[in-house]
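Student: Chains W and C, in that order, give the protein sequences.
With numbering that gives the first Met the number 0, letter number 224 in the first sequence gets 223, and the count goes up by one each step, no holes.
With numbering that gives the first Met the number 0, letter number 33 in the second sequence gets 32, and the count goes up by one each step, no holes.
Simulated crosslink set (DSSO-like; lysine-lysine; CA at most 30 Å straight-line): (1) W:Lys-551 <-> W:Lys-606; (2) W:Lys-551 <-> C:Lys-161; (3) W:Lys-550 <-> C:Lys-161.
Computed far set for chain C versus chain W, every beta-carbon distance over 10 Å: (4) Glu-13; (5) Asn-66; (6) Asn-77; (7) Arg-80; (8) Leu-83; (9) Arg-84; (10) Arg-86; (11) Arg-88; (12) Asp-130; (13) Arg-131; (14) Ala-150; (15) Gly-154; (16) Pro-157; (17) Thr-159; (18) Ser-162; (19) Asp-177.
Note that these hints are calculated values from the structure, not bench results.
Glycine is no exception: its CB is placed at the ideal position from the N, C-alpha and C atoms.
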Amino acid sequence: MNPVEDRVRAAMSAAGDQAAREIRTAPPLRLQSPSVAGDRRGHSPRRWMRWGAPLTAAAAVAVVAVSLVVVRGVQNDSTVSAKPAASTGAAAAGAPVPDSSCAPTTVASASGGPASALTSAATEVASGTTGGQAWTLWSKKGETGARGIEDGGLVVGGRAYGLCPGYPNPAELELADVGGGHGLAFGVVGYPGLAKVWLYKSTVGTFETGERLPSPQVQVVDGVSFFIGALPQSACDYRSLELNSTSPGASDEHNLGFGACTSGRLVPITASQGIWQLQPGHFVSNFPGGSLSSGRGVPTANVPGADSSCSPPTKASASGGPASALTSAATEVASGTTGGQAWTLWSKKGETGARGIEDGGLVVDSRAYGLCPGYPNPAELELADIGGRALVYGVVGYPGLAKVWLYKSTVGTFETGEQLPSPQVQVVDGVSFFIGALPQSACDYQSLELNSTSPGVSDEHNLGFGACTSGRPVPITASQGIWQLPPGHFVSNFPDSRPSVGAASIPAADSSCSPTTVASASGGPASALTSAATEVASGTTSGQAWTLWSKKGETGARGIEDGGLVVGGRAYGLCPGFPNPAELELADVAGGHGLAFGVVGYPGAAKVRLYQSTTGTFDTGQALPSPQVQVVDGVSFFIGALPQSACDYRSLELNATSPGVTDQHNLGFGACTAGRLVPITASQGAW
Amino acid sequence: MDTDTPLRSGSRPEADEAVTALYAAHAVGLIRLGFVILGDRGAAEDVVQDAFIGLYRNWDRLSDPDNALTYARSSVLNGCRGALRSRARRDRRDRAAAARDAWPPFDSAEAAVLLSEEHQEVLTAVRKLADRQREALTLRYYLGLSTEETARVMGISPGTVKSALSRAIATLGRTFKDES
Numbered sequence: 000m001n002p003v004e005d006r007v008r009a010a011m012s013a014a015g016d017q018a019a020r021e022i023r024t025a026p027p028l029r030l031q032s033p034s035v036a037g038d039r040r041g042h043s044p045r046r047w048m049r050w051g052a053p054l055t056a057a058a059a060v061a062v063v064a065v066s067l068v069v070v071r072g073v074q075n076d077s078t079v080s081a082k083p084a085a086s087t088g089a090a091a092a093g094a095p096v097p098d099s100s101c102a103p104t105t106v107a108s109a110s111g112g113p114a115s116a117l118t119s120a121a122t123e124v125a126s127g128t129t130g131g132q133a134w135t136l137w138s139k140k141g142e143t144g145a146r147g148i149e150d151g152g153l154v155v156g157g158r159a160y161g162l163c164p165g166y167p168n169p170a171e172l173e174l175a176d177v178g179g180g181h182g183l184a185f186g187v188v189g190y191p192g193l194a195k196v197w198l199y200k201s202t203v204g205t206f207e208t209g210e211r212l213p214s215p216q217v218q219v220v221d222g223v224s225f226f227i228g229a230l231p232q233s234a235c236d237y238r239s240l241e242l243n244s245t246s247p248g249a250s251d252e253h254n255l256g257f258g259a260c261t262s263g264r265l266v267p268i269t270a271s272q273g274i275w276q277l278q279p280g281h282f283v284s285n286f287p288g289g290s291l292s293s294g295r296g297v298p299t300a301n302v303p304g305a306d307s308s309c310s311p312p313t314k315a316s317a318s319g320g321p322a323s324a325l326t327s328a329a330t331e332v333a334s335g336t337t338g339g340q341a342w343t344l345w346s347k348k349g350e351t352g353a354r355g356i357e358d359g360g361l362v363v364d365s366r367a368y369g370l371c372p373g374y375p376n377p378a379e380l381e382l383a384d385i386g387g388r389a390l391v392y393g394v395v396g397y398p399g400l401a402k403v404w405l406y407k408s409t410v411g412t413f414e415t416g417e418q419l420p421s422p423q424v425q426v427v428d429g430v431s432f433f434i435g436a437l438p439q440s441a442c443d444y445q446s447l448e449l450n451s452t453s454p455g456v457s458d459e460h461n462l463g464f465g466a467c468t469s470g471r472p473v474p475i476t477a478s479q480g481i482w483q484l485p486p487g488h489f490v491s492n493f494p495d496s497r498p499s500v501g502a503a504s505i506p507a508a509d510s511s512c513s514p515t516t517v518a519s520a521s522g523g524p525a526s527a528l529t530s531a532a533t534e535v536a537s538g539t540t541s542g543q544a545w546t547l548w549s550k551k552g553e554t555g556a557r558g559i560e561d562g563g564l565v566v567g568g569r570a571y572g573l574c575p576g577f578p579n580p581a582e583l584e585l586a587d588v589a590g591g592h593g594l595a596f597g598v599v600g601y602p603g604a605a606k607v608r609l610y611q612s613t614t615g616t617f618d619t620g621q622a623l624p625s626p627q628v629q630v631v632d633g634v635s636f637f638i639g640a641l642p643q644s645a646c647d648y649r650s651l652e653l654n655a656t657s658p659g660v661t662d663q664h665n666l667g668f669g670a671c672t673a674g675r676l677v678p679i680t681a682s683q684g685a686w
Numbered sequence: 000m001d002t003d004t005p006l007r008s009g010s011r012p013e014a015d016e017a018v019t020a021l022y023a024a025h026a027v028g029l030i031r032l033g034f035v036i037l038g039d040r041g042a043a044e045d046v047v048q049d050a051f052i053g054l055y056r057n058w059d060r061l062s063d064p065d066n067a068l069t070y071a072r073s074s075v076l077n078g079c080r081g082a083l084r085s086r087a088r089r090d091r092r093d094r095a096a097a098a099r100d101a102w103p104p105f106d107s108a109e110a111a112v113l114l115s116e117e118h119q120e121v122l123t124a125v126r127k128l129a130d131r132q133r134e135a136l137t138l139r140y141y142l143g144l145s146t147e148e149t150a151r152v153m154g155i156s157p158g159t160v161k162s163a164l165s166r167a168i169a170t171l172g173r174t175f176k177d178e179s
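So here's chain W without its partners, still in its complex pose:
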């Protein structure tokens, strides 16, 4: 393939990933009778959400990453909610929604006041009852998503409670003492979609999960997840809570410490640290390690000021232009010489701190360079090719003078390879600005690791870089960070060494495994399947002969999932919904024994284990007999009989390990019918 094709393929792939992250649902299909439809021509409504009264035909589709669930139509134009639990999987962990600036920061001592100040400036977006207390949730007028909720608040018993612990993190929690002897924990997970939320007693400064607390209620409000739950004890009894959450595509951990409680108010947050954008389900409860066991006086991380919003982000191709556009709207706040080149630093007029600098920029040789790589992280870095050499510069948004270390690294890790010369660092407007020249050309760095320690807190930021262009910042192609670590507790090998793995052979981006397996239509005569497919494997399981068919013209997992299984002359589909790397179907075909079969789409022979489980978790309960596995057309097909009837399994957990990669897939099942697939009612995966 020539380089142009490579570029097109890479761009299409990235666009596809982005589309998969952004588009998880389809609006209702509103078909009209032909006569009405004909009338519509010429004045087509341009946005479905603007359509007026419900029409007679309405179907609503909600695809939450893995599970495709068709739910009952829109009544009164309300949004639909999927019945099954949230799903994770196919979409890679995306960046958090960059719309939470979380101002004003909630102040515990001012919380619990009359609700009118809040409700007059906000809109009610949800309500419910928790622990016997009615509550309403309010989103600030003119704002949406997590930002609106965090700038709004919660009303309980006529009193208002803020919902913004400090720096805008993807998963926030407040603890309030609102009476009744039970602490009230509530918060927002800012990633799109329905999150699963777990709460634990913990120890400040760790990510330990101690006693598990009752799971809070979670609902999607304005596209993000709001949760609320009553705790077994008084709010005063919790010194630290661990909030673990999994949204479609990403998991987060947030450990919080709490100070002295006051009746009717929020409990002040005294410590906060988080790990964001983990792979779904990859919680690291013992992270950062044994050295942080409780009772050793671990220094707590400061909660930084929420002053970096960094919008719009730096566009590499537009950077490096004349300085006048920048300097006319900004104020010079620092200057110096690095690598023989004089520079000045500019803060946007009307702004301060990291926000001002990131909305401002750097001027070198009369050219302006942006300083906002994307989502507002506490420690940012840009790499630019200026005057033929690499210049690296950035901001650490925590208060005070930071120490900054730079390393060559590997994209997607936190590895610290060869240490690079430490940049100059100075405090500018309360935060740290750093700048340094690197030994090689900017084009020579594929990835950099930025480690920084500010007073009370450390951060790690790993960045990947694309193709460099002379006189411009190098485009950032990857970014992941660990924020609010205890000082000096860098974890270079976190999350672990990641072996390179073969790409999963999953169906095309627009394939929902067609035809999508429908339980009620399964178990029909095999001829419809076999006439359009090719037999690729056969065997006997629990005394029943089976054959496996791959759709003609297709190969690998796609062919098998678009084909199916034939048992006893009957055809069974093999496509639980959205094309995931590890799929499973459960069928009631064999007199008292469920038949589980599926495909692991990664190359090579997989080890497959099945467990009884609980829907919506990744619990591995009782281990079930391991199915037979064979490589078919490069991927793994498995099939096995279960000890009990298919009707007896409400949830199964599929764990599969292919060469270099492990997957988990938890499925929930509905009512079974003899001779048919058992309908899948819930699905979530960690790939």
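Given chain W, put chain C in place with the hints provided.
Tutor: Below, chain C alone, put in the same frame as chain W:
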């Protein structure tokens, strides 16, 4: 998978059921396809909606229901083509509006952040290709369709697909060379 799709009491239950089921299975994928071509989710949703209304209207004339997905894909491509042309006409008519409201490679700030500069530039260049070249590239490299499948969706011969792809790559190569 168990479905609970509401069906209305129309006079064409077969078309109702088939189109609704097809929408349930493929709407998201097709909106993503439109989004990749247009860079605008709202416009992509409109195009897909129109495609399914067209499919519903013409269901009785569809010779082979198994080709419904191919028909829907073709309709989405046609709709995207129309949307791009409308956009280009509007931009030519009102340069000020075009400058003020430049069509972004992707329409959300998050997308802009997550898509690298390099990828955005490539996608912008792809969007400027001739219709047939752009569509062939998208079907082959985004959807991963074979040449034959691409030909069926586009309603042209496999040979024409190959030549469209070849010309598209050549045009992009010149574009990238000029920009570097």
